[in-house]
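Colleague: Take a look at the letters that make up each chain.
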Amino acid sequence: MSETTPRDVLRFTVGERVQHWALLVTLTVLALTGLALFAHGTWLGRTLIALEGGMEARGTLHRVFAVALMALAAWHFLYTVFTERGHRQLMELLPRGRDFADAAGLVAYYLGRRASPPEFGRYTPLQKLQYWGAGLGSLLMIFTGLLLWFHTQTMAVVPKWVVDVTAIVHGYEGLILFLLLFGWHLYIVHLSPGNFPMQRTFLTGRIDRARMWREHRREYRELFGDAPPGTRDEEER
Amino acid sequence: MLGFLTALEQTIPEGASRFRTVIRVVLGLFIALLLSYIVLEQVGSWRRRRSGRE
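Chains as they are written, first to last, in numbering that gives the first Met the number 0: chain A, 0 to 236; chain B, 0 to 53.
Read the hints as simulated data drawn from the structure, not as lab findings. Where hints are given, some of them may not hold.
[As the list claims (entries may be wrong)] Computed beta-carbon distance windows for the label pairs:
| # | chain 1 | residue 1 | chain 2 | residue 2 | range |
| --- | --- | --- | --- | --- | --- |
| 1 | B | R52 | A | W42 | 41 to 51 Å |
| 2 | A | L23 | B | Q41 | 24 to 34 Å |
| 3 | B | G51 | A | R6 | 34 to 44 Å |
| 4 | A | R97 | B | Q41 | 36 to 46 Å |
| 5 | B | I30 | A | V17 | 51 to 61 Å |
Model, not experiment: these values are computed from the prediction. Glycine residues also receive a C-beta, built at the ideal position from the N, C-alpha and C atoms.
So here's chain A without its partners, still in its complex pose (with noise of 0.2 Å):
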């Protein structure tokens, strides 16, 4: 398949495609026997637990599955430093001063004080967001899971209050991941003004020209020049 057509442009890889399904399966999953714990005296607790096959079968699907993450972001991690496009991914993905500017100048776009969007290079301020609260998030959760996971070797160096404190934050970190994923990116990407009910980029891969020139015009101009897409000089090119 190739990287543009008069119609399209390849965003996301097979490779890339399939990373991200991968952290959504591993992570619904983690989410689905993590909430069961951590609302164990609830009747969403009691529930989920009931269809998880009861808190043995609810732990080993979660140990399970925590494996699975830590080997995505292995994978992705040498993606990101062996591969070329995968670096130059991550180099676009770092934040940089633009991106707050951008930002204040999204939310001015919205209170009615500009009249148009600032324009985005490949990945908007709010993609950085979600890509370095999912990934370090991720870690987090990896670091304090595997400290609760193997509890009886961590307490034979550290004190009492050290588990105590790292199954606060890996349950309410993992409430945060999940707000973070399963609210606000999908609210974003799919249900938010012009995207609803469905963005169909990362099933295709592929972005529509028209969509890049409205939400990532920085990088549309450094690849197709400065006529919007349909135009005849954009057409000739």
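Following the hints, complete the assembly by docking chain B onto the known chain A.
Modeller: Below, chain B alone, put in the same frame as chain A:
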């Protein structure tokens, strides 16, 4: 598994309990931030649609 959970719950010291309160406040602020963004974008979108009709 439940034994570990019960042990954790029964022996959480006061310091950890205060820490949990701090974390809950952070969680509340985070939820407020996410909701304000959604409200802000929806209001902005509604204003633009309304001015487009006029």
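Colleague: What are the numbers of the hints that this structure violates, sorted from low to high?
Modeller: 3, 4 and 5
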